Every structure is written in C-alpha cells, then in structure tokens.
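Chemist: Chains as they are written, first to last, in the working numbering: chain S, 1 to 256; chain X, 1001 to 1272; chain D, 2001 to 2318.
These are computed hints drawn from the structure, not numbers from a lab. In this text, all values refer to a predicted model and were calculated from it rather than measured experimentally. Among the hints, a few may not be true.
[Claimed, not checked] Partner residues aside, some chain D positions facing chain X, computed with beta carbon under 8 Å:
1) L2022
2) I2153
3) N2230
4) I2278
Think of the CB as a built atom: it goes at the ideal place given N, C-alpha and C, for glycine as much as any other residue.
Here is how the chains run, residue by residue.
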Amino acid sequence: MIKCQAVTKNFYSGFFKKRCHPVLQAISLTIAEGHTYALCGASGSGKSTLGRILLGLVAPSAGNVFYDDVSIQHWMTSRRKEKDFRQRNQIVFQNPQATLYPDFTIRQLLEEPYRIHSYLLGAPDWDWIEVCLKKVKLSLDLLNRYPEQLSGGQLQRVCIARSLLMRPSFLVLDEPTAMLDPTVQMQLICLLKELQQTEKLTYLFISHDLNLARYMADEAGFIYQGRLVEQGPAELVLQQPQITFTRQFIRAFDAF
Amino acid sequence: MTADKWLERVAVGVWAFFFLVAALAPWLVPYDPAYVDMQHVLEFPDAMYWLGTDSLGRDVLSRLIMGARVSIGFAFVAACCTMTAGLFIGTVGGWFGGRLDAAVQMIINVFQGIPGFSLMIALAGILEPGFTSMLLAVVLTSWTGFARVVRGEVLRIRSEHFIEGLRALGAGNAFILQHYVWRSLLPVISTLFTIRLGAVILSVSGLSYIGIGLQPPLADWGLMVNEGQTYFRTYPLLLYAPGSCIFLLCMAFHILGESLKRRFVSAGRVYK
Amino acid sequence: MKTYLWQRLLLFVPTLLGMTLLTFLLGVVSPADPAMVVMTMDGMSAPSAEELLLKRHEMGLDQSYAMQYVSWMAGVLHGRWGVSFIDGKDVLGTLLAALPVTLSVTSMAIFWVIFFSIPLGAVMAVYYLQWPDRLLLLLSMALTSVPVFWLAIIAMQVLCENLRIFPTSGYGSLRNLLLPGLILGVGTIGAVMRLQRDALLAVLADNYILTARAKGLPFFYIIYKHGLRNSFITVVTMLGNYISGLLGGAAIIEMIFSLPGLGTLVLAAVQARDYPIIQGYVLMVGCMTIFVNMGVDVLYVLLKPQLRLEGRRDYDCR
C-alpha cells in the first residue's frame, strides 16, 4: 500500500531573488496493493511531478510518502537502500526514444539494470531477460539493434521489459502511450493490463486520456493547478464527477 | 569532399611522422644534440651535417629531432593535465549546478580575465624557469577552455531524459558520470585535446623563444629560433628549419582538430 | 534595458575582485622577500636579522595574507602599485608610460583583423565549399598555426630590409605600427575569418534571407544588408576573447620590433626578477581585458535590438 500524505512541491527561480512557484499543494492519496490508480488532469497540472515524488526522484517540499507505513526518507538514507527501493518501484516514461541511451544496443540497454545493481543481481541473467522479453511480446532479433531503429511501441516495450527485469511490485506509468499512435496505444494498454495480472503489479497510471484511464483504473484522481480536486472509485470520478472543473474537462474530452 | 580527405590524410601523415621521430629520437639522432664542436661552427649543409651546424657547432638535424621529442612530449603532458583539470572542474559545475556551478563559473571568468600569455609570462617569470613551472603556467592558463565546454556539454546532457531514466533504474552520480556523461563527452574532448596540443606547442615555443620557457640544454624549437636569429641572414636554415617544424606540426593538429569537429557536428552532436 | 545592462556589468565585479586576488597571490608565491630587497637596494647594507624583522613589521608582511590582501588592495585603489626592485621607481607610473604603446599596437592589430577577416570571411561564406572557400580555409588555419615570433623575424627581413616597405624599427609614427600590428593580428585574423564564415553561413541559412532572395533582391545586396550586420554581432561578442589574446601576444611582438610597450617592460622585468613590475603588468592587463569585455557587453546590447525589449533573463549569469 502506497500512501501519499499532504505532499507539497514548490519550484524556485531566480538567482538572488528567489521566486516561488507552487506546483503541488497538499496532495494526499492512497494506492491499494494490486490496484491501478489513474491520475488525470491537463498538461502542466503537476501529474508527472507527483509521480516522481512518489518514487523519490524529486524531493517534496513538504509532506511525506509511505510504502507500507515506512517513510520514503528511510529508503533514501543510503545508496544501498535506495537501490533496493528502486528495484521494487519502477517508472515507465512518456518518451521511450529519449529515455534509452542512443549509443547502446537493445542488448546493452537490457543489461543496464545488472550493471547498476551488480551486487544484488550479479551477472546478466539471459534466461530471465528472454523471459521478460517474451512477457512484453518482443522478439529476440531486436537485441542487436539501436533504439533509433525501433518503433515507439517497441521501444516502450523495451522500457517495460527493463523494469520487469528487477521484479518490481509498483510501476508508475507516466503517460506511457502519449507518443504512440492509437492502435499501438491500445496494444500497449492491453499488455500492461495483462502484466498487472501475471506480475501482481500496482500501477499509478498518469494520463490525460480519459478513455485509457477508464479502461485501466480502479481508483482515479483529478489534478487541477496542483490540487487534487477529486478522487474516488474510477467509475464514479470518471463517469459522474462532482466538481465543476472535472465535469468540464470530461465533457470537453468526450466531445473531442 | 575529396579535397578534405586528402588534406586530412596529409595532416595525419605529418602528425605520425613527427610522432615517430619524437618516439624514436634517441636512436635517430646522428650526433649528440648537445655536443659542442668548435671545429665545425656554422657550417652549411653537407654530407656530414645534413642540415649544417649552429653557432656552437651542434648538429642542427639532431637538435631538430630532439626538439620534436621535447615539444611533443611536453605538449602531451600539458594537454593531459589541462584536460583532466578542465574535465573535473567542468563536470563538477555542470553536473551539480546551483551555487557550486556559480562558483566554478566565477573562477573560470577570473582566469579568463587575464590574457593567457601574460599570465604565462608572469608565472614563468616568478617561478624558477623550467619544465615544472612551464607545465603549471600552461595548465593554469588553458584549463578554462576545457572547463567551459565541458560544463556546457554536461549541462546539456544532464537535462536529457535518459539520465532520469537511469536514476529511476537506481544509478548513482558516479555510475552515470563514468559510463554515460564522460562517454558522451568523448568526441568534444578529443577535438579540444587535438587543438590544445597545437596551441601548447605554439605558446611554449613562444615562451622558449623569449627565454623563459624550456631552458638551454634542452633542444626546443623555440630556443633554436632564438639562437638562430642572429645568424640567419647568412645561415637561413638555422631559422627556417625549426620555425617550419613548429608551423607544420601545429598546422597538422589544427587540420585534424577541425576535421574531427566537422565529423562530430555532422554526426549530430551539439557542439560549440 | 538599462537594468539589464547594469546587471550584466555588476557581474564583472566578482571577476575583477578575483583577478586582483590572483595577482596578489602571484606576489605571495614569488621567492623574493620584499623587506630584504628594500633593505639591500643600495647594494651596500647587509641588514641584521632584527632590522629585517622590524622592516617586515613596518611593511605589514607579518600580518595574515587576508589582511595583507586588504591593505594591498587599498594601495592599488589609491595608485600605490609598489616600487620596482631594480630602480625603485613607481610601478604604476612606469606601466602607464608604456601603456599607450601596447594599446596602439593592439588597436592596430584589431584594425588589421577587421580589415582582412570580415571581407575574407564573407567571401568564404559566399563561395561555400567552392575553391575560394577551401583555399581561404587552409590559409586561415595556416595563419592560426604559424609561430608569430618566427613570422616576425622573416617579415622584418623581407619587408623591411629587402623590400623596404616598412621601417625596420623605432616608435613614433603610424608607419612604425603597421607591420607589428599585422604580425600580432595574424593568428586572430585566421580565427575571425572562420568565425565570420560560420556566422554568415548561419545567417544565410535563415528564413528571412530566403524571403529576401525570393523578393528578388540582388545577392550581394542581401549579404551586405542582412548578412554582414547580423554576423557582425557574433564576431563582436567573440572579439572580447580575441583582444585578450592580442594583449598577451603583444609582449613578443613588442620585444622583436623593439617597441617600448608593456611587453618589453615585463620581459626585461622577468630577466631582472623584478616581481612588482610583473605583478603590476598582470594587474594592468587583467583590468584592461575585463574593461574590454564590459565594453563588448554594452556594445552587444546596443547591437542586438531584441535584448533591449527582453529585459532580464533569470538564469543568465554568464
């Protein structure tokens, strides 16, 4: 169970005179084991920042995040603990092309987790890598290619496979399908749904696409200008919202 | 394009030639370059002394060959030190950012606020002249060029998405810097290194020429120009030989540096 | 725009301070003990240890380096740049007497740089990848890699003694400065040529040049009207760096052409181990470089109209 308690994040600009830009304000939410929490909202509303805070990639200005009642700060106290934490909590980014180092082959990219976590995982376990590639339905022929030679959908599968290598339990999906065309989008969403069943994963699904959110989510929350304006069971929030903004957003989306 | 390739090959040829000469110098020299022979002072080239002798009867060819060893050897050592310093400071500034970066930038600005050659003269003048003070002078005046470029590149790489991807996988600063950032810097660094080699040879020969660089028992090309200028009206080779060596070698480094730069630009690297 | 300009200029203050600190450190690492030098200046007296200690106290040499720096800095601001170890003359006065020579040689070099490299760079850009471009590119690289002291000796022999185009030596008229300025500027000419070429190429690739060509304006008119003006801005911003190179390089040139400038002065001081002069030289050249860079910044703001409206940028701290 992942709990987010009154998380606030401010960004500062300026060299001498600091100016404060609040990005997230007092966000509290809970993600149950094996569930999918869909975080919706317009671009720039702070969805991605919240995802990063949940994984400890960005430190919150105030508030705290708990994994099974253990504060995330506990996991960040030493490098060893952090690596331990990273293995179990992974993220899939929006833009797979930019996330994969362009000078490495897919084979090298899949070895990265083993290089980073060598003391825990040891040498690359190719049987397991092949199993993971099968799980994301990628063929082994791609191993010697470079990222630029693969399609966006394939690259996103590589990213997911790379996360799966470490046997994670929680995945943040930061608009994983935003850069893909609609048919590939649907394939990927189905794959993610399938993986959730087989791997017993918990998802935080960040998206501005309500159809995908409706399909994926068990719970949902709406972010508007850094505030979590509405949250609850997905069918309730995404079908019959109570707040005017959410209603407008959904109406606009469905009309489009 | 063929003209460029041709030029590049000539440059590599010149470079390889000088490098081989420098590496094999002790076995190549026909005479001891420091041996003073008052019987054969200021001789024109003949079968015995292929390039003649200087005012102290030393064989010019031997001194040229030894000079290659001194110049190239020193340039390599100096450029390596410069690169290490610039790489380290530039990475610290660009990677960690914030106040540290501001401090790094300020130090760079201070060092760039004094003309490099002036500072070199001052350092060489204040410290005892010789190899070490020369090295210090060169490194102190030229690390800023490296640091600036490295800082800019690191700043650019830091904001790339794959860095965040690596962090999410659990990679730490040391791992990312070692395996990704410095790897990405390699083209830029190698270009700067090549150009720096030429620049070091040029400025050290200048300092040696005015007598505050490498000191007389060493056979440096700049020193040879200095010693040859008195007699060059009658013995022009004393001036032309060392001077054209400096010129050719620097030119080769320059052409190589430019073609490296062009290659990396066309490979899509952002490069200034 | 005014506040922007002020902020740009304010950023030079730490640089200036850092530069003086560096200069002060040069004095600290110098092997000579100033008290000893002052006491033995007449060449006869051999001071006892107590006398030396007293003198050191009197000169403030027993204080901490920080205190010494503050009092040294105060002296520098009041024009007390120390006295020469050799002839006991005031350093600032000596340097100021030599300054005009260096400035005029450097200005002459800048003149030559602009005179040659702007048009040549434009020619290179216009004939991009054709034979004039390739030839001039090779020339520019040759110019940046030629050792100036060597070139200076040959040029003196050929142009002054054999052809008698320029006077051999002496200082006084503009004619005396032509050749030293040219030789000094040689490396910079090569570099600026390439810079001008690249800048102009970048400008020519821009859309508004395409529009101008589509409107049917003659090509050379476009180059002159749009291209040169814009590429000039790029060159001006880099000129600050090049001027610092010229100021440093002037030392060798002055020595060879026996011009009584800062370079000749400092090289003589180096031979005589006259540390105050060396220190003062670095300070003076450093100040000049920083002032030139300030001027370039002002010029940059004046030349670039967008900046006047844009005002400040948050993260820009040079």
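Chemist: Which constraints among the numbered hints does this structure fail? Numbers only, ascending.
Modeler: 3
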